[in-house]
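Residue numbers for the sequence shown, in the numbering used here: 248 to 555.
Since the hints were made in silico from the structure, they are not lab data.
All figures in this text were calculated on a predicted structure; none of them were measured in a lab.
Treat the hints with care, as some may be off.
Below, computed lysine-lysine pairings styled on BS3-like, alpha-carbon distance capped at 25 angstroms [to be verified]:
no., residue 1, residue 2
1, Lys459, Lys478
2, Lys396, Lys523
3, Lys478, Lys493
4, Lys405, Lys462
5, Lys418, Lys396
6, Lys389, Lys311
7, Lys478, Lys408
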Amino acid sequence: MKDISAIIINYNSSTFTVNCIKSILEKTSNSISFELIIVDNASELEDYIKLKGAINQLNLPNLKFVRSRYNTGFGGGNMFGVQFANAKYYAFINNDTILQNDCLNIVFNFLENNAEAAICCPQQYNELNEVQKSFDHFLSLKRELFGRKILEKTNPTKYPKRQKVYSQPLKVQSVPGSFLVVKTEQFHKVGGFDTNIFLYYEETDLCYRIAKNSKMGDCYLVPEGKYTHFKGQSTEKSFAIKKELKISLLYVLRKNSGYLAYQVLRWWLTVKFFFKTLIKPKSFPLFLLFLKGAPISASLKQKQIIAN
Numbered sequence: 248m249k250d251i252s253a254i255i256i257n258y259n260s261s262t263f264t265v266n267c268i269k270s271i272l273e274k275t276s277n278s279i280s281f282e283l284i285i286v287d288n289a290s291e292l293e294d295y296i297k298l299k300g301a302i303n304q305l306n307l308p309n310l311k312f313v314r315s316r317y318n319t320g321f322g323g324g325n326m327f328g329v330q331f332a333n334a335k336y337y338a339f340i341n342n343d344t345i346l347q348n349d350c351l352n353i354v355f356n357f358l359e360n361n362a363e364a365a366i367c368c369p370q371q372y373n374e375l376n377e378v379q380k381s382f383d384h385f386l387s388l389k390r391e392l393f394g395r396k397i398l399e400k401t402n403p404t405k406y407p408k409r410q411k412v413y414s415q416p417l418k419v420q421s422v423p424g425s426f427l428v429v430k431t432e433q434f435h436k437v438g439g440f441d442t443n444i445f446l447y448y449e450e451t452d453l454c455y456r457i458a459k460n461s462k463m464g465d466c467y468l469v470p471e472g473k474y475t476h477f478k479g480q481s482t483e484k485s486f487a488i489k490k491e492l493k494i495s496l497l498y499v500l501r502k503n504s505g506y507l508a509y510q511v512l513r514w515w516l517t518v519k520f521f522f523k524t525l526i527k528p529k530s531f532p533l534f535l536l537f538l539k540g541a542p543i544s545a546s547l548k549q550k551q552i553i554a555n
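Please work from the sequences and hints to get the whole structure.
And the structure:
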């Protein structure tokens, strides 16, 4: 068994995946043992072949390259990768990231030395090396209606400021899926990522279930670890993606906060986008989505086809 299994999903962005792999190899010290699980999530054939060739050239004994013929999204792709992993900790790392320092060793030592911690993440930076928000508060009706800043002002102990730069480990509620490290035992006990979710809020849902439902451990930001995230390289901006964000939002809220919270937010968004449509007619499909309840049946997950 390895110390860490790093699971990376590729979807039509092989250049970023190769750079991510190389940064892990370059920055990770020999003090821990790790393996790389690279999942191609039904990319176009050209990108898959390109990635396969680059991985063959690296010729790494601790790297497993697997391909799904069906795009299962973020959670599903990672759960596919988990089936080939064997380690004490899982590190779910976006392919559009590169390590700035010995991140894996830093988070490994933190989790080893803090029994109350179940999940953690390093500090996120953008391509200009500017500090980015690296944690979030749990998805809740209160957060969606009043906003994160109100929560942070009214209860700073429970809701620390996301914009602040931290130098010491900080207990938080949720960490980003771009670089998330979790104890394997806890991950398994809660069933891992919810594969009903195609994109967005998978990590929030996971953190919530580990912290609330099973009380298996807390979530931490570990700012000593640093990585760069080139956001959105595998997901092109589109109206379909905006719809997916809202579908996941309401699904996770209903799942973890209950039917009443879901209905309140659903109708609040319906009214909000009704008036928005009067100014911006392009918003009408979102209004219609909320009117229908933003069902999972409208998700991109239902529109995937099996690749050759």
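Hint check results:
About 29 angstroms separates the Cα atoms of Lys459 and Lys478, which puts this hinted pair outside 25 angstroms; it is violated. Simply put, Lys396 and Lys523 have alpha-carbon atoms about 23 angstroms apart, close enough for the 25 angstroms limit, and the pair holds. Between Lys478 and Lys493, the direct Cα distance comes to roughly 19 angstroms. Compliance with the 25 angstroms bound is thereby established for this hinted pair. For the proposed pair Lys405 and Lys462, the alpha carbon gap of about 17 angstroms is at most 25 angstroms, so the pair holds.
Restraint check for Lys418 and Lys396: satisfied, since their Cα atoms lie roughly 18 angstroms apart, inside the 25 angstroms limit. Using a Cα cut-off of 25 angstroms, the hinted pair Lys389 and Lys311 is violated, with the two alpha carbons roughly 43 angstroms apart. Distance restraint check for Lys478 and Lys408: the Cα-Cα separation of roughly 22 angstroms lies within the 25 angstroms cut-off, and the hinted pair is therefore satisfied.
Hints 1, 6 from the list above are not met by this structure, while the remaining hints are.
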